[in-house]
Each structure stands twice: as structure tokens, then as C-alpha cells.
Amino acid sequence: MFHITRSQLRRLGAAVAIATLPVASVACSDDSSGSAAEQGTDASPGQESAAAALAQKATVIDVRTPEEFSAGHVDGAQLIDVQGSSFDADIAKLDPATTYVVYCRSGNRSATAATRMRDAGLTVFDGGAMDAMVAAGWPTA
Numbered sequence: 001m002f003h004i005t006r007s008q009l010r011r012l013g014a015a016v017a018i019a020t021l022p023v024a025s026v027a028c029s030d031d032s033s034g035s036a037a038e039q040g041t042d043a044s045p046g047q048e049s050a051a052a053a054l055a056q057k058a059t060v061i062d063v064r065t066p067e068e069f070s071a072g073h074v075d076g077a078q079l080i081d082v083q084g085s086s087f088d089a090d091i092a093k094l095d096p097a098t099t100y101v102v103y104c105r106s107g108n109r110s111a112t113a114a115t116r117m118r119d120a121g122l123t124v125f126d127g128g129a130m131d132a133m134v135a136a137g138w139p140t141a
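Residues in the sequence shown are numbered from 1 upward in steps of one, following this note's numbering.
Calculated directly from the structure, the hints in this document are not laboratory data.
Given the structure is predicted, the values throughout are model-derived calculations rather than measurements.
Using N, Cα and C, we set each Cβ at its ideal position, and we do this for glycine too.
Where hints are given, some of them may not hold.
As the list claims (entries may be wrong) - Label pairs and their in silico Cβ distance ranges:
no., residue 1, residue 2, range
1, A135, S85, 28 to 36 Å
2, A89, T123, 17 to 25 Å
3, S85, N108, 15 to 23 Å
4, A135, N108, 12 to 20 Å
5, A97, G76, 14 to 22 Å
6, T115, S85, 12 to 20 Å
Required output: the full structure, derived from the provided sequences and hints.
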């Protein structure tokens with residue numbers, strides 16, 4: 001399991017704030033009512049909610065390919081390739097009482113994985129791109 005320090009959490013929060021400004025401006029123009037929490041979804045597409053989950057000792061899952069994982073990953077992360085044929089079977093084995101954070105290279109695959117995992121009844125947050133996590137000071141292996 002991955003543990004995050006307060007310093008890493010602060011740096012991640014700053015990186016997320018900068019990265020999500022364009023998304024936030026579009027989201028603020030939406031006419032829908034109610035917060036994301038009231039609508040039953042993450043507070044954001046990613047990292048702020050992921051950082052909060054990590055502070056509560058969530059399990060980190062890398063959803064990239066085995067080759068990408070071998071080249072470097074967040075220390076303590078599990079590999080479950082979202083594009084692999086066994087993804088659904090692999091997530092079916094996960095503990096529904098655990099909170100998960102998923103990440104990938106750019107954030108696209110992690111969004112897909114988070115949706116599929118939620119559909120399977122898991123509590124999951126989209127951590128987004130590994131580059132942002134590394135820039136925020138997360139240790140890698």
C-alpha cells in the first residue's frame with residue numbers, strides 16, 4: 001500500500017489546481033444543479049479526490065501496460081492493465097470495502113478504468129496522469 005506525506009499531498013494539490021483550471025471554468029458554466037457529491041460522483045475528475053483518498057490509505061492501481069509499469073511506477077502501486085483482457089476479472093477480485101486510486105500516463109485510461117471500477121461497485125478515484133503525480137513528489141519505483 002502507498003502512503004503519502006503531507007508535503008506530497010500539498011504539492012499534488014497545487015499541481016492539480018493548476019492542471020484543472022480549464023476544466024473548472026467549463027464546469028462552472030454548466031447549468032446543472034447540485035454538487036458532484038450530491039450527484040453521486042467524484043468531486044473532480046481526479047487528483048484532489050485521489051489525494052484525499054490516499055490520505056485515508058487507499059490502494060493505488062496503475063492501469064497502464066506491463067511495459068509502462070516496468071519502466072517506472074508510483075511506489076507501492078499494483079498493476080491492472082485497463083486494456084488487458086483480464087481487467088474485468090481482475091477488478092472483480094478487489095475488496096469492495098477498500099478505496100482505490102487509479103492512474104495512467106495521461107489520464108485517459110485512468111478515467112476509463114475508474115468508470116468501469118465504479119460500475120463494478122468499487123470506490124475509486126481517478127488520480128489522472130503519472131507525470132503530475134511525479135511532479136508533485138510522489139515516490140516512484
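To see whether the hints hold, each was checked on the structure:
1. A135 with S85: 28 to 36 Å: The hint (28 to 36 Å, Cβ to Cβ) holds, given that A135 and S85 are roughly 32 Å apart.
2. A89 with T123: 17 to 25 Å: Given about 19 Å between the Cβ atoms, the range holds.
3. S85 with N108: 15 to 23 Å: At roughly 19 Å between Cβ atoms, N108 and S85 fall inside 15 to 23 Å, so the hint holds.
4. A135 with N108: 12 to 20 Å: 18 Å, holds
5. A97 with G76: 14 to 22 Å: 19 Å, holds
6. T115 with S85: 12 to 20 Å: 18 Å, holds
Violation of the numbered hints given earlier is absent; every hint is satisfied by the structure.
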